[in-house]
Amino acid sequence: MTALTEQIALASDTRSSRTAPSKGLDRVFQLAALGSALLVLLVLAGILGSIIYGGWPAFREFGFGFITSSAWNVGSEQYGALVAVLGTLASAFLALLIGVPISIGIAIYLTQLCPGWARKPVAMTIELLASVPSIIYGMWGLFIFAPLFARYIQIPVSNVVEGLPIVGTILYARVPSGVGVLTAGIILAIMIVPFVASITRDMLDQIPTVLRESAYGIGCTTWEVVRHVLVPQASVSIIGAIMLGLGRALGETMAVTFVVGNANRLSASIFDPSSTIASRIANEFNEADGMQLNALMALGCLLFVITFIVLIIARLLTRRAKVA
Amino acid sequence: MDAQNPILAPAPAGAPSLRANRVRPSRRVADKILITASTAFTMLGILVLGSILLMLIVEGLKGFSPLLFTQPTPGPGSEGGGIANAIVGSLVLTFLGIVIATPVGLMAGTFLAEYGRGSKLADLIRFLNDILLSAPSILIGLFVYTLMVRPMGTYSGWAGGVALAIIATPVIVRTTEDMLRLVPSQMREAGAALGAPPSHVIKTITWRAASAGIVTGIILALARIAGETAPLLFTALNNNNWFNANLLGGIPNLPVMIYQFALSPYPNWQGLAWAGALLITITILALSVIARLVIKDQRAR
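In order, the protein sequence lines correspond to chains A and B. Position one of the first sequence corresponds to residue 728 (the numbering used here), numbered consecutively onward. Position one of the second sequence corresponds to residue 2 (the numbering used here), numbered consecutively onward.
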């Protein structure tokens, strides 16, 4: 019914009104609105176009080998994306592994356990974490977290696992400096927690209270209510929220540049420094020229493809949840 | 299922523990673990924010002096100096970004909420806008570099402003549309019934009714772009002097200044980076809190 009335409201310019006030201006206004909306489309197309245009020479030169090669040599003009792509995926994966349980825990605390008077301030504190600029997280990670991490985690763990099969490779730090893929993953986890937590909280809040109350009424514990009533109801949108966090973790630049170590080395250890696509672009772009510039643009292209697939899946999942 | 229990009004979460002896231990353990873990995680989040603020205040206040706001950034290895040029540069860039983004975002949001409601095109634009909202900001830097810096042959404040505008626009589009949708249709109908053309209805009725929400969106966008670093690296860059009035060449700005100075080997530069970090974080947190208060006012009304 609302749709109909709005159509009537908006279609009113087709009827001849008695004074016909400024019909031309009306049209201009509508076109301006349409134009602005199309500009959003244009910008997205422009981003894709400019990166493909810039990265094309590198793709043509190295072909498919660009993705599978781990070389990154400015002197001999050999470029490959493997280290940066793996670094990006590994740090984002670690961020999800650490961040998702924490986010869901916070969402459950805020919706189920928190006393009423504390709910607003606690939620606001968590949301303020989202507005802290990423460069501040980078400084915190490098100057506060990394030294503590090296001293209390990296060195003891390395001593324990040294020489052991598999674990001895993954968790061994050759140079326990505190920076590396895992540190980047932890900082990214801190950065995505506020987003995932606040979306999950909104989704849990939308579940009708009757469902929750009837579960408690038949004697369920909080855990059982969460596990068997709340999570199944909100699962699709929680996955969407997680994907949204993943998109953010993949493209995050400044914080990661501070703590990832920026080394082009293929290492199986998550304590070792590495690079991500974004950190490498941030580090090298201003001094780059010729083929290096093209290779960096090509890296940007890969980042675009990876993040946009993730973001599209995320938006489809969160949107479907709203309709259902 | 839901019709049978009028007695069971909001059951307290701790109810089962009253009959603890009749509850299987594993159920109680799982429940305890969940409660402890969620509480601990929330504390952890608060602890991290506290730790970040503490770090900024302790380190930032060390270098805080009135000179910060009067002197430009010093050269490498030299003593003294301030960050006045970076502060002004950041204000100029942020202002440029918001001035470009506000009309575009407002009009695009209006299109999505008023003209395009239900159309396929509006659905597509809404979807892509949501994606642009969380697109990696460094890619936007690469785009503006190709679009403006390369053809113009120099880094410029204009390029920096455009890059920030591209980041701010989706935020404004989204909040504007959401807020316009909250305006009851009856108000539009009342306007239309008086013979006002749609543009007049939008400008004098819907925008006015949603003004607090739209302003919130603009403040949120401001908070978002004030601390953005990645897109400025390739567009506005940085320099250690006062910038030209035509905004060509590197424009000093706080985020890139913090990035370069924090990673430099000079203690003086590092001190300035901390002071800048404190300044920018307090500004952004204040903006976020203000935005929330505006929303609350709107709801209360």
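Just so you know, not all the hints are guaranteed correct.
[Stated by the list, open to error] Computed Cβ-Cβ distance ranges for the label pairs, DEER-style: (1) N247(B) x V958(A): 55 to 61 Å; (2) R878(A) x N242(B): 50 to 56 Å; (3) P266(B) x V801(A): 43 to 49 Å; (4) L48(B) x I779(A): 52 to 58 Å; (5) L62(B) x I1039(A): 43 to 49 Å; (6) I871(A) x Q72(B): 26 to 32 Å; (7) I934(A) x G76(B): 58 to 64 Å.
[As the list claims (entries may be wrong)] In silico lysine-lysine, DSSO-like type, Cα no more than 27 Å apart, as pairs: (8) K750(A) x K204(B); (9) K121(B) x K33(B); (10) K121(B) x K750(A); (11) K33(B) x K847(A).
What the hints contain is simulated information worked out from the structure, not anything from laboratory work. Every residue, glycine too, gets a C-beta built ideally from N, C-alpha and C.
Taking each numbered hint in turn, which are not upheld by the structure, reported in ascending numerical order? Violated: hints 2, 3, 4, 9.
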